[in-house]
Amino acid sequence: MELPTQTFRVTRADLVRYAGASGDFNQIHWSDRFATKVGLPGVIAHGMFTMALVGRAVTTWAGAPDAVVDYGVRFTRPVVVPDDDEGTEIVVSAVVREVTETGLTRLDITATCHGDKVLSQARATVRTAA
Amino acid sequence: MSLDQSFVGRSYPPTAPYQVGREKIREFATAIGAADPAHHDPVAARALGHPDVVAPPTFPIVLTMAANRQMIEDPALGIDYSRVVHGDQRFAYTRPVVAGDELVCVNAIEEITSRGGHEFVTTRTEVTTTAGEPVVTAWMKLVVRGEA
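Line by line, the protein sequences are chains A and B. When we follow UniProt numbering, the leftmost residue of the first sequence carries the number 1, and every step to the right adds one. When we follow UniProt numbering, the leftmost residue of the second sequence carries the number 1, and every step to the right adds one.
Hints listed in this document are in silico derivations from the structure and should not be mistaken for laboratory results. Hints are supplied without guarantee of correctness; some may be wrong.
Think about it this way: if two alpha-carbon atoms lie no more than 30 Å apart in a straight line, the pair counts; the simulated BS3-like pairs of lysine-lysine are [stated by the list, open to error]:
(1) A:Lys117 <-> B:Lys141
(2) B:Lys141 <-> B:Lys24
(3) A:Lys37 <-> A:Lys117
(4) A:Lys37 <-> B:Lys141
Distance windows between CB atoms, simulated [to be verified]:
(5) A:Thr110 <-> B:Pro13: 24 to 32 Å
(6) B:Pro13 <-> A:Arg9: 36 to 44 Å
(7) B:Ala47 <-> A:Glu101: 21 to 29 Å
(8) A:Val91 <-> B:Arg10: 37 to 45 Å
(9) B:Leu77 <-> A:Thr5: 36 to 44 Å
(10) A:Phe34 <-> B:Pro75: 35 to 43 Å
(11) B:Glu133 <-> A:Arg127: 14 to 22 Å
(12) A:Phe25 <-> B:Glu147: 19 to 27 Å
(13) A:Ser120 <-> B:Glu102: 31 to 39 Å
(14) A:Thr5 <-> B:Gly100: 15 to 23 Å
Yeah, the Cβ is synthetic: ideal placement off N, Cα and C, and Gly gets one too.
Please put together the full structure from these sequences, using the hints given.
Quick look at the structure:
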């Protein structure tokens with residue numbers, strides 16, 4: 001079963017807010033000068049910010065903010081966030097891989113930015129809604 | 001540079017307790033746009049059976065990434081942090097983190113491998129309350145990029 005696609009807009013302001021809230025002040029997430037110096041196309045989103053947005057998609061699909069029992073991803077491609085009002089967009093979809101007899105639902109998740117996969121092996125296990 | 005395989009299985013002393021604040025959970029939830037009332041309103045959280053506001057699933061990174069410095073900055077292990085990229089992240093939850101939790105992290109090095117000139121270090125962090133109740137286990141795979 002395919003779950004409804006969810007889309008998340010990401011701007012530079014979001015990265016600044018996430019840096020403050022998470023305590024991850026790595027310069028690649030706010031300084032174009034630094035990001036390009038280390039070979040990136042520009043400022044990129046925190047991988048953990050992408051994972052957090054995908055986590056929102058998972059809890060929305062699960063229908064409960066406390067339903068996630070296992071959640072893992074591999075970061076495969078940076079999400080470049082331009083310094084403008086539009087920023088960029090992460091598109092998240094998932095298929096239900098398994099519903100267990102013990103009340104768990106396993107999801108295989110896809111997250112893309114401009115059509116490119118930014119995560120691989122993205123999987124979550126949630127408690128099945130009663 | 002090659003990382004010392006004998007570090008696999010090594011664990012580190014527990015970190016100082018981290019007090020999970022209600023406002024910190026609200027701040028984190030706001031930063032990721034998580035609007036569910038259970039992240040913001042203790043009454044809504046209690047209605048779900050939790051003692052206080054519930055942290056979003058990736059909130060434990062706030063503690064575990066800081067705790068991982070124990071290993072990343074261990075001079076004996078010798079990771080060159082300027083070459084480190086976050087490869088994988090996983091959380092397995094016993095229960096969600098809630099405001100009021102006092103959490104301790106115990107870090108261990110689970111795996112060290114190398115492939116294509118890069119090295120991969122998987123760390124495991126057991127997050128428990130100060131009373132020893134398990135809350136969440138976090139795995140982080142760090143990619144230490146080879147020198148070009």
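Okay, the hints, checked on the actual structure:
1. A:Lys117 <-> B:Lys141: Between Lys117 (chain A) and Lys141 (chain B) the Cα gap is close to 19 Å, so the pair holds against 30 Å.
2. B:Lys141 <-> B:Lys24: 26 Å, holds
3. A:Lys37 <-> A:Lys117: Status holds; Cα separation ~24 Å.
4. A:Lys37 <-> B:Lys141: It holds: about 24 Å lies between the C-alpha atoms, which stays within 30 Å.
5. A:Thr110 <-> B:Pro13: 24 to 32 Å: 40 Å, violated
6. B:Pro13 <-> A:Arg9: 36 to 44 Å: 42 Å, holds
7. B:Ala47 <-> A:Glu101: 21 to 29 Å: 28 Å, holds
8. A:Val91 <-> B:Arg10: 37 to 45 Å: 40 Å, holds
9. B:Leu77 <-> A:Thr5: 36 to 44 Å: 42 Å Cβ-Cβ, so the 36 to 44 Å window holds.
10. A:Phe34 <-> B:Pro75: 35 to 43 Å: 25 Å, violated
11. B:Glu133 <-> A:Arg127: 14 to 22 Å: For Arg127 (chain A) against Glu133 (chain B), whose Cβ atoms are near 19 Å apart, the range 14 to 22 Å holds.
12. A:Phe25 <-> B:Glu147: 19 to 27 Å: 26 Å, holds
13. A:Ser120 <-> B:Glu102: 31 to 39 Å: 35 Å, holds
14. A:Thr5 <-> B:Gly100: 15 to 23 Å: 36 Å, violated
Of the numbered hints given earlier, the model fails hints 5, 10 and 14; all others are met.
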